[in-house]
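Enquirer: The listed protein sequences correspond, in order, to chains B and H. Residue numbers for the first sequence follow the working numbering, so the first one is 1 and each next one is one higher. Residue numbers for the second sequence follow the working numbering, so the first one is 1001 and each next one is one higher.
There are no misleading hints in this set.
Taking lysine-lysine and the DSS-like style, the derived pairs with C-alpha atoms no more than 30 Å apart in a straight line are:
#1 K3(B) x K328(B)
#2 K1158(H) x K1089(H)
#3 K226(B) x K3(B)
#4 K1176(H) x K1158(H)
#5 K1089(H) x K328(B)
#6 K1089(H) x K226(B)
Some chain B residues near chain H, calculated using beta-carbon distances under 10 Å:
#7 L66
#8 S132
#9 M307
Keep in mind that the hints were calculated from the coordinates and are not lab data. Ideal Cβ placement from N, Cα and C applies to all residues, glycine included.
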Amino acid sequence: MLKLLEGPQTLGRGRIFWSCFLAVLAGALIYPLFADSYDVGNFAYFLIWIFMALGLCLMWGYGGMLSFGQTFFFGIAGYGYGVLAINMGGGTATIAALVLSVVVAMIAAGILGYFMIWGGISGIFFGIVTLSATLVLAFFLGQTAGPEWHIGPARLNGFNGMKGMDPLTVGSFDIEGSALYYLMIALIVIVYIALRMLVNSSIGNVIVATRENPQRAEMLGYDVRKYQLLTFVIGSGLAGLSGALYTSWGQFITPSSIGLPAAAMPIVWVAFSGRNDLTATLVGSFLLLFGFQTITVYSQQAALVLMGVLLLATVMLAPQGFVLGIGKLVVDWWSRRRRRDEGTALADTGRLQSDET
Amino acid sequence: MSAELFSVFYQFADVFAFLILSAAGLAIVFGMMGVINMAHGEFIMCGAYVTVGLVNLGVPLPIAQILAALTAGIIGMIVELLIVRRFYKRPLDSLLATWGLSLIVTQSMLLIVGSAVRGIGTPEGSFAIGGYTFSTYRLVLFGAAVAVLVGLYIIFMKTRFGVIARATMQNAAMAKALGARTGRIYSISFGIGTALAGLCGALYAPTMTLIPTMGATFVVESFVTVVIGGANVLLGTAPAAVFLAMIRMALNASYGQIIGQIGMLFAVILIIRVLPEGLSSVLVRRGR
Chain B
1 MLKLLEGPQT
11 LGRGRIFWSC
21 FLAVLAGALI
31 YPLFADSYDV
41 GNFAYFLIWI
51 FMALGLCLMW
61 GYGGMLSFGQ
71 TFFFGIAGYG
81 YGVLAINMGG
91 GTATIAALVL
101 SVVVAMIAAG
111 ILGYFMIWGG
121 ISGIFFGIVT
131 LSATLVLAFF
141 LGQTAGPEWH
151 IGPARLNGFN
161 GMKGMDPLTV
171 GSFDIEGSAL
181 YYLMIALIVI
191 VYIALRMLVN
201 SSIGNVIVAT
211 RENPQRAEML
221 GYDVRKYQLL
231 TFVIGSGLAG
241 LSGALYTSWG
251 QFITPSSIGL
261 PAAAMPIVWV
271 AFSGRNDLTA
281 TLVGSFLLLF
291 GFQTITVYSQ
301 QAALVLMGVL
311 LLATVMLAPQ
321 GFVLGIGKLV
331 VDWWSRRRRR
341 DEGTALADTG
351 RLQSDET
Chain H
1001 MSAELFSVFY
1011 QFADVFAFLI
1021 LSAAGLAIVF
1031 GMMGVINMAH
1041 GEFIMCGAYV
1051 TVGLVNLGVP
1061 LPIAQILAAL
1071 TAGIIGMIVE
1081 LLIVRRFYKR
1091 PLDSLLATWG
1101 LSLIVTQSML
1111 LIVGSAVRGI
1121 GTPEGSFAIG
1131 GYTFSTYRLV
1141 LFGAAVAVLV
1151 GLYIIFMKTR
1161 FGVIARATMQ
1171 NAAMAKALGA
1181 RTGRIYSISF
1191 GIGTALAGLC
1201 GALYAPTMTL
1211 IPTMGATFVV
1221 ESFVTVVIGG
1231 ANVLLGTAPA
1241 AVFLAMIRMA
1251 LNASYGQIIG
1261 QIGMLFAVIL
1271 IIRVLPEGLS
1281 SVLVRRGR
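The following block holds chain B by itself, in its conformation from the complex:
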């Protein structure tokens, strides 16, 4: 199993990479001891979105399916968590609400994915069909302001957003603040490791083979549609996890988390980071979220303009992504230097030998 942590589909291997990984993890674990609780809450907020980015990275970078519907499943699970938590009455039931809402998002992904993938939709159309679904969901939720729009005691509330659900709770202990932060860290480590294993496993190889050439993969005897559907359901389920965690973090969700421009955000993170690698996506998305949040304090529009500029700049200058590009440069520079060192060492021995003769 552990062998699958490294492989042809993921960058970063060997002792140096995993030492860095552990160092960052250790830093993240002791961070709440030094920071005040407001910053820890903010950090937890950035981490919420990472799942969505990793999901898109899997679908787009590995599976070659450019889904614009991450916020669609984010919204389904986000609202789903709210409805379930309110209806089931809070407490430990919120954990069940979290799990169920992610399952609901995955079922939705299974249905939408079935029609698109079995219909043979790919490329551009995959993007615009998923985006259409996303926008329609946002419009629909936007006009549910009236009191007739409710599921049990849970009011949808239109653009004002849904509120009043409990945060994640175990017994009488609310998972908030640094407890929530540690939960996020744990989930991210699990998801990241699991995705690395998935893409390096034989299933992952088929997923990548399908991206490279669907006909060829089919000729080799794989039912590529099943693998595509699996990728789509996992990727969208991760968006759902983000959504459910988001609602429980703020006890609030509005349709603006689903529609434009929110739907563009995961695309910007993953494109900028480098869609072909999970680690690049993890690092890049976190950096972008951090930057975005810092600027949003002054002006949300300016932050969104910057996101647009970054997306445009990425496709024009570094279509494979900036973080991935920089990462590769560093690795190249490093290995070239090492090779040069070895080269001079060899040359030295050569000279020594020739001197002796």
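Based on the hints, put chain H in the right spot on chain B.
Expert: Relative to the frame of chain B, chain H by itself:
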């Protein structure tokens, strides 16, 4: 009885006009270059703002609308020159680049213009048939949609440009080898596409509130029409709009706008399962 029939036709015409006007520009760009212009909604918004700005300056509405369409067309050609041109070989990247552009434009407009602009109000005028009153402007929109279809038919089927454009659409490399300047054809087609988007915004400007995010109102309809239309936009778009307008009209009448939109989306998702190539594939097969 005839009043009821006319009422049904009127509702159909209303939805049909909306679908055709919002999708025509997107469809032309997609059909010619295989590029989905994600900034389509922003060109619609541009057309609407230019129209309202000119009307507030005292320009008569129809002239303002034509000028708005031209403005959107010219801006479109500049955008093609600076950005879209680089991505004809990478259609997915063109999607991302134009989406980036769309974000930049919408949010900059929010920053600069703010959210509120004084509207101009729908041109008055209505007529009555039987016990029902109908707005004349809605019929003008239907007329404009039909005019757009006829105009596109003439441009692409009856002119020299149209012949070269269709040749480019079918096989760009071969057309180029035969001496067609495909770069210029692409540039003009993109211009026509964005001008049509501008026209859509210009025509609907009097009927809606002007906000920088108004483009989003049109994109779902334009996307689904293009998806159902299929690759051959000259054949597919109009039947797709007729088909979707029927579904939409039936649902709108009994359940309201939002259910109409959701129903339309479900219909689209069901149809792509059966006809992933869109309606035009069926029509092409019939034609052979």
